Amino acid sequence: MSERILISTFGFDPEKVLRALRWIGYDRLTLVAGGKSLREPGFRRLEAAVRAAGDSVEIVSVDPFDFRSCFEGAVGAIQRHRRAGREVRVNVSGGTKVLADAALLAAFQEGVEAWHCEGAPVRLPVLKGVSFGDSLSLGQKAVLSVIDKPQTTSQIVERLQGQGHSDRSVQAAITRLREQGLVAVTLRGGAAVVSIDPKVKWFVRALT
Amino acid sequence: MTVLFGTLGWRPQSLMPSIKSTEGLDKVVFYHSTHEKSRTARARVLEFCNALGVPATAIELSDAFNLFQIAQRIREDIVKARKDATTPIRFNIAGGTRLMSSAALLVCILEGIPTTYVHDETNEEIQLPLFRLNYADHLSAKQKEILAHLVAHRERPPNETMLAKALGVHKSTMNHHVKQLVLKGVVEVVADPKDTRAHLIRATPGAELLVG
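So the protein lines, in turn, are chains A and B. Just so we're aligned: 48 in our numbering is position 48 of the first sequence, and the numbers increase by one with no gaps anywhere. Convert by adding 1000 to the 1-based position in the second sequence; the result is the number in our numbering.
Isolated chain A, as found in the complex (with noise of 0.2 Å):
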């Protein structure tokens, strides 16, 4: 059986993440929290707690206002005891509202069993081992791979054509990611222009 890793967001109530270790098996913790929250008491005493039964906690400190931080610290920890064999669950109960956001989304992206321990533990319905990556063809993820910068659809077309892309199957992709909202198509010049939305592009790049 493979090692369990519990991942879970913390703010300053340790009750949060005690709750989730108690009814979530798990053999490793790691908290994703912002740097305050751990010169607090809570974390002290939480820390005490996993001390005591020999363990450790693994930190992964993020900015707890910042959607962003919060997500790329939650996929980047999950992908990491991933890649490691771990299996990972996640309990988004602790920190701020953005933060428990934040991890709730990464784990539907990244498809981790999802937890809220706030009174009674609640699994949340995220489909284990799909994420959000799945729901793209190959051809959208080569059309997402090519544009780091806004291109027309024939310079798309010109580069995955090597690739042994058809023009057919490329229009196709750039219409699926238009309908999905992640490549915005505007007319410049007389040619369609295709270009994905510069506040969601890092979240866009996680999936490809």
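The set of hints was computed from the structure by calculation and includes no laboratory data. Because the structure is a prediction, the values reported are computed rather than measured. Don't take every hint at face value.
[To be verified] Quick list of simulated restraints, FRET-style, between CB atoms:
#	chain 1	residue 1	chain 2	residue 2	range
1	B	P1055	A	D197	41 to 47 Å
2	A	R205	B	V1182	30 to 36 Å
3	B	A1191	A	S2	22 to 28 Å
4	A	S195	B	S1172	36 to 42 Å
5	A	A52	B	V1182	33 to 39 Å
6	A	S131	B	A1191	27 to 33 Å
7	B	H1153	A	G129	23 to 29 Å
8	B	D1026	A	E179	39 to 45 Å
9	A	S131	B	R1156	41 to 47 Å
10	A	R205	B	H1119	52 to 58 Å
11	B	Q1127	A	F12	42 to 48 Å
Just so you know, even glycine gets a beta-carbon here, dropped at the ideal spot from N, CA and C.
Since the structure of chain A is already known, use the hints to place chain B on it.
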């Protein structure tokens, strides 16, 4: 014309930026708790919407800490809003309890709804990177059908044979589907309390949100 949904806590400022920024705002629907400060915030949001001439519906949640109950309610309202009109929907998940916000995000992920939050200090509206797709589409049509059946029979979960019969598939085919659903974590196989040799198939909590 857009319908804006939102969660509201004690600070009207968490919802106001989205009301201001939404183009072609047709209607505002927002959820708040029974807390007095939340009701005060509700009054201010309603006053602002009234001044703009935008119809607004405030929905008071009896339990702002029951994640699935809140998510079910939000999902029902979203599905209704989609049926009533072809208007696009946006959701601001910044306000309310953590569970209100998580419930709203959960529904937005499942339904593929454009989502924003508002930064606590700067009041800047930030777009969340969600797909516009139905999350349940990661399940096959048959898997959805099985899950829907199990959700509808949550009180009396069937065994695999009964499930296969009810849905008109061969037992071995059902076994394959059940295994896939177990792997995805939306179905569990539990011992039958009346017969320890037998097993029942049960939908995991929250599966309603995938097939509702």
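Do the hints match the structure? See the list:
1. B:P1055 / A:D197: 41 to 47 Å: violated (30 Å)
2. A:R205 / B:V1182: 30 to 36 Å: The hinted range 30 to 36 Å holds for A:R205 and B:V1182, with Cβ atoms some 33 Å apart.
3. B:A1191 / A:S2: 22 to 28 Å: Roughly 25 Å apart at Cβ, these two residues keep to the hinted range, so it holds.
4. A:S195 / B:S1172: 36 to 42 Å: violated (49 Å)
5. A:A52 / B:V1182: 33 to 39 Å: Given range 33 to 39 Å: holds, Cβ gap about 35 Å.
6. A:S131 / B:A1191: 27 to 33 Å: holds (32 Å)
7. B:H1153 / A:G129: 23 to 29 Å: Given a distance of about 25 Å, which is inside 23 to 29 Å, the answer is holds.
8. B:D1026 / A:E179: 39 to 45 Å: violated (22 Å)
9. A:S131 / B:R1156: 41 to 47 Å: For A:S131 and B:R1156 the Cβ distance comes to about 34 Å; the hint is violated.
10. A:R205 / B:H1119: 52 to 58 Å: Violated - the Cβ-Cβ distance for A:R205 and B:H1119, about 22 Å, lies outside 52 to 58 Å.
11. B:Q1127 / A:F12: 42 to 48 Å: violated (28 Å)
When held up to the earlier numbered hints, the structure conflicts with 1, 4, 8, 9, 10, 11 and fits the remainder.
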